[in-house]
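Trainee: What follows is the residue order along each chain.
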Amino acid sequence: MNRRDFLWRLVSNPPTTPLGITTGLDPYKPDQLLSPDDALHLLRRATLGVSRQDLARAQQMTTRQAVQALFSGNQTPSPPPWATIDPTTENFPSPDARQQEYYRRYAELQQWWLRRMITEGGFSILEKLVFFWHNHYCSDYLKVYYPQYMYLQNQTFRQMAWGNVRELARAMVADPAMLIYLDNVASIKGNPNENFARELLELFTLGVGHYTEHDIVEAARALTGWRIQGMRGVFNQQLWDPGVKDFLGRRGTFNADDIIAIIFEQDQAARFIATKIYRTFVYDVPNPDIVEQLAQLLKANNYELRPMLETLLMSEHFFDPAFRGALIKSPIEFMVGLCRQLSFAELPLDYGIERMARLTLELLNPPTVEGWKGHHLWINTNTYPLRERIAEYFADGKRNDNYQNFPTPPDVRQFAASFSSNAVAREFVSDVARFLLAIPPGPNAEAYLLDELLLGAPEYEWSLSMPNVELRLRSLLKAIFTLPEYQLL
Amino acid sequence: MKRREFLHRSTAGIALATLGTSFGSVRLRALAASPTLRAWQRLTGNSDRVFVLIQLTGGNDGLNTIIPIENGLYYQARPTLAIPKNQTLPLTSTLGWHPSLTGFRDLYNDGRLSIVQNVTYPNPDRSHFRGTDIWLTATDSDVFKSSGWVGRFLETVAPDFPERLPDEPLAVQIGTTLSLGFQGNRGTLGITFRDPESFYALVDQQGTGTTYDPAPDTYGGTELEFVRTVELSSQLYSQAVKKAADRQKTNTVTYPTNNPLAQSLKIVARLIAGGLTTKFYLVSIGGNTFDTHINQGSLTGIHPQLLQQLGDAVKLFLDDCRGLGIADRVVGMTFSEFGRRVMENGSRGTDHGTAAPLFVFGEQIIGGQILGHDPDLVNLDSRGDLLMEFDYRQVYAAALLQWFGAPMNTLQAVLFREFAALPLFQIASTVEQWEDAALVQSLTVAPNPCSVQTTIGYHLPSPARVTVTIHDLRGRCLVTRDVGDCPAGNGTVVLPLDRFASGTYFVRLQAGSRSAMKALFVER
Numbered sequence: 001m002n003r004r005d006f007l008w009r010l011v012s013n014p015p016t017t018p019l020g021i022t023t024g025l026d027p028y029k030p031d032q033l034l035s036p037d038d039a040l041h042l043l044r045r046a047t048l049g050v051s052r053q054d055l056a057r058a059q060q061m062t063t064r065q066a067v068q069a070l071f072s073g074n075q076t077p078s079p080p081p082w083a084t085i086d087p088t089t090e091n092f093p094s095p096d097a098r099q100q101e102y103y104r105r106y107a108e109l110q111q112w113w114l115r116r117m118i119t120e121g122g123f124s125i126l127e128k129l130v131f132f133w134h135n136h137y138c139s140d141y142l143k144v145y146y147p148q149y150m151y152l153q154n155q156t157f158r159q160m161a162w163g164n165v166r167e168l169a170r171a172m173v174a175d176p177a178m179l180i181y182l183d184n185v186a187s188i189k190g191n192p193n194e195n196f197a198r199e200l201l202e203l204f205t206l207g208v209g210h211y212t213e214h215d216i217v218e219a220a221r222a223l224t225g226w227r228i229q230g231m232r233g234v235f236n237q238q239l240w241d242p243g244v245k246d247f248l249g250r251r252g253t254f255n256a257d258d259i260i261a262i263i264f265e266q267d268q269a270a271r272f273i274a275t276k277i278y279r280t281f282v283y284d285v286p287n288p289d290i291v292e293q294l295a296q297l298l299k300a301n302n303y304e305l306r307p308m309l310e311t312l313l314m315s316e317h318f319f320d321p322a323f324r325g326a327l328i329k330s331p332i333e334f335m336v337g338l339c340r341q342l343s344f345a346e347l348p349l350d351y352g353i354e355r356m357a358r359l360t361l362e363l364l365n366p367p368t369v370e371g372w373k374g375h376h377l378w379i380n381t382n383t384y385p386l387r388e389r390i391a392e393y394f395a396d397g398k399r400n401d402n403y404q405n406f407p408t409p410p411d412v413r414q415f416a417a418s419f420s421s422n423a424v425a426r427e428f429v430s431d432v433a434r435f436l437l438a439i440p441p442g443p444n445a446e447a448y449l450l451d452e453l454l455l456g457a458p459e460y461e462w463s464l465s466m467p468n469v470e471l472r473l474r475s476l477l478k479a480i481f482t483l484p485e486y487q488l489l
Numbered sequence: 001m002k003r004r005e006f007l008h009r010s011t012a013g014i015a016l017a018t019l020g021t022s023f024g025s026v027r028l029r030a031l032a033a034s035p036t037l038r039a040w041q042r043l044t045g046n047s048d049r050v051f052v053l054i055q056l057t058g059g060n061d062g063l064n065t066i067i068p069i070e071n072g073l074y075y076q077a078r079p080t081l082a083i084p085k086n087q088t089l090p091l092t093s094t095l096g097w098h099p100s101l102t103g104f105r106d107l108y109n110d111g112r113l114s115i116v117q118n119v120t121y122p123n124p125d126r127s128h129f130r131g132t133d134i135w136l137t138a139t140d141s142d143v144f145k146s147s148g149w150v151g152r153f154l155e156t157v158a159p160d161f162p163e164r165l166p167d168e169p170l171a172v173q174i175g176t177t178l179s180l181g182f183q184g185n186r187g188t189l190g191i192t193f194r195d196p197e198s199f200y201a202l203v204d205q206q207g208t209g210t211t212y213d214p215a216p217d218t219y220g221g222t223e224l225e226f227v228r229t230v231e232l233s234s235q236l237y238s239q240a241v242k243k244a245a246d247r248q249k250t251n252t253v254t255y256p257t258n259n260p261l262a263q264s265l266k267i268v269a270r271l272i273a274g275g276l277t278t279k280f281y282l283v284s285i286g287g288n289t290f291d292t293h294i295n296q297g298s299l300t301g302i303h304p305q306l307l308q309q310l311g312d313a314v315k316l317f318l319d320d321c322r323g324l325g326i327a328d329r330v331v332g333m334t335f336s337e338f339g340r341r342v343m344e345n346g347s348r349g350t351d352h353g354t355a356a357p358l359f360v361f362g363e364q365i366i367g368g369q370i371l372g373h374d375p376d377l378v379n380l381d382s383r384g385d386l387l388m389e390f391d392y393r394q395v396y397a398a399a400l401l402q403w404f405g406a407p408m409n410t411l412q413a414v415l416f417r418e419f420a421a422l423p424l425f426q427i428a429s430t431v432e433q434w435e436d437a438a439l440v441q442s443l444t445v446a447p448n449p450c451s452v453q454t455t456i457g458y459h460l461p462s463p464a465r466v467t468v469t470i471h472d473l474r475g476r477c478l479v480t481r482d483v484g485d486c487p488a489g490n491g492t493v494v495l496p497l498d499r500f501a502s503g504t505y506f507v508r509l510q511a512g513s514r515s516a517m518k519a520l521f522v523e524r
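Line by line, the protein sequences are chains A and B.
Heads up: the first sequence begins at 1 in my numbering, then just goes up one per residue.
Heads up: the second sequence begins at 1 in my numbering, then just goes up one per residue.
For the record, the hints were derived by calculation from the structure and aren't laboratory data.
In this text, a Cβ means the ideal position worked out from N, Cα and C, and glycines have one as well.
One thing to keep in mind: the hints can contain errors.
What the hints assert, rightly or not - Pulled from the structure, derived: some chain A residues nowhere near chain B, Cβ distances all over 12 Å:
hint, residue
1, Ala-69
2, Ser-72
3, Asp-86
4, Val-173
5, Gly-209
6, Asp-289
7, Pro-458
8, Glu-459
9, Leu-483
Said to hold, decoys possible - Pair ranges (Cβ atoms, derived):
hint, chain 1, residue 1, chain 2, residue 2, range
10, A, Val-234, B, Pro-84, 38 to 46 Å
11, A, Glu-470, B, Pro-214, 55 to 63 Å
12, B, Gly-275, A, Met-466, 45 to 53 Å
13, B, His-373, A, Arg-232, 48 to 56 Å
14, A, Gln-237, B, Ala-420, 52 to 60 Å
Given only the sequences and the hints, what does the whole structure look like? Please build it.
Mentor: Pasting the structure below:
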């Protein structure tokens, strides 16, 4: 079928109600061993990239075991050396010198985080959730300025990654980075600054339409009085507005604790987070029934995230074939995914950070307080060709900014050897494609991939010991990496 | 590697001339002779008209942009932020420019910039997210659409999109993400890139050469098709953009490298001059920088720097357009998701507000005018924010009706209902009839706004036969007064307006082969 001979569907406006999806939250084959396709789907969605070892391990597990194993990982890694120094105790010869050192530290922090994602992101949902929270409770390093505070915030996300959602919101009230980023650190009784209150309601907990402008004004009054002391946010009663506030239908001399408590009494608070979780792990268009059930689960578990997430990831709905390949990789899943898929840990970290920034995701620097909206916004005429070029050079073990080699290239031979079908070209190509792509290639694409592996040699001659096999393997990888399917999760 | 096939593209391109047969109403035209439909088609089949959108992200503080210098309430509300009267650049007896806006001041005085005051919409939203979406989707504040006004308009211009992709992109955004404004009901009608050279270098010009297998009938399949569309667009359009950029490798002014908006407009100027048939360009001052909650700055600081960047960039751009010979084809507007509050907050900044001025610019605007009143600091909304005078869609309506010559039913499809287009842009004229700058300068309409009658004043450099006509915003001629042969020098015409309903009209004076036009406001 010719590329243009069929009518394009409304690719940008899928139906708002999922038609024909009947799967719910009942467990999917909970005590059966995972099939390769199901294992890949689970790991693609729940981690930042699937390696051959991850897949092999998952196939020895039941769905239940695999999902539970995801809630692992080092939640207290060693911080960068400067991260625990109180910024108010540091002296620099000049403001410029301080700024230069802070920029240096920020680069180091970005790379520190990227290294964690690449080397410790296997078979773990931890770093995926850390980024989820970074994209939810947004702050950026340019405004926050003090690197220690951005580290602290990142560490809070790590420690509370799948913990209590309400407690995390309360922690953000006192979070130094957040206090600076949304100006609550300057908010004072008599002249409250509304920025944090507004975003707390609009972006962090309830969403547009579930509060009034008056609620923002009153919440801002209640949230006055927070300042930063050393490495913590502290509450200064003298600076707080002690008057009576009307907030979400309640009336009282509310403070921050009260505001958080009242917000999370609303069912909408559970629904709001459940919607985001759904859109992160299942599909960009939320299914209202499933979201409602997830929200109720969250509330029933006193806002502990893990039970709700486990239920979702073990569910028939999550494994429904309709959703395979229905998410678009963020620049993180793209770059880290490349590394993990080829079991490659030698990516120059400055290069990784900079390329992701070029793909419009600079770690620690969300574009606005709304965060990265993602999905279709990741893929446009600017970023799509760049993804193709980055991946092509990656397959060759090179950077695509200055074309220098990586310290060592990805070991494509070892990658190929891990496929039991590697002696039969046609099967090998199919298996590699199915490992790397969330939507299996059709007959035309498979024929093209086979050509790219053989590079003119006859099919029967194929083996891993043939001459120039690495060239051929890289050629196959490049061809797979530049299929549109490669951008899907 | 096989070459990618480029299947038959739309060879007709998408010229506005193809819209000719669907025109409904008569347009206002600065013509003397009776216009035929064919002549009209020739004029507005002027498919090389371009509209430039400049987005100021974060919510621009209008009150410190155009300062109400005689209003004591302004100075009371802003003890640290108010701009002192003697620091402003003169604009009117009651308004002053922020001193950083020398670029805008010069353009305004030159007739290449106009101001629309107090622009917002009913029940305005004060969230960046919603506010920006509303401006881009051109909806009421309680309506949610996932298509943008430009996207919807371009779909009427390219009715068989996306089955056939136009030869060249219909809309271009200089940047890295694609605006909701360019999203249509049937797909994305715009492309984004940083600059033409790197765009071309990036795209694999050869591709796989295979035909796509059918996408599965799943949501994954839907997303696959989306990525495929982007892949195809990248290939098609990187070539078109490069061709245009290669035809025009230089600019006629020097854009400072430390002015990012200027650098974006520099590219836009080259592409237009290089012949790219793109109709809409979007550039922005991004990063939410106008969201000045803290330390906004009055004479120095964040906001003044942004205003300087804005004014300088637009001035340079329009001067460059003159130098490149494209000035008659290019107009544009600024927009921002909201203005800011009247009272400053406790952090030497301002919080999210409502109405604010916006600017239209270009050689072919009805230039050097201020539509609307000075901001009313007495009658505010329940939160103490400025009230609406004009709906932003009245500016969009003007762009579509006047600049692009769209028919009324297109306007309905794009904006969902009728809006009274503000008199902002010059409708295409015949080559015989140009607006005469001196005549325009001399043309006075007083009182304006008026209710019972108004007096047109003019100065003729030489004797001529004078006719005065009044038109409504849809172009219909309502009144013709044949004044007759007049001598050189000053003259006046009194026009009774008691039959006229409240609203906005055009007054057009024809003196021999010269003409001039001004907006006329009737208030009852």
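Trainee: Please write out, lowest number first, the hints stated earlier that are contradicted by the structure.
Mentor: 5, 9 and 11
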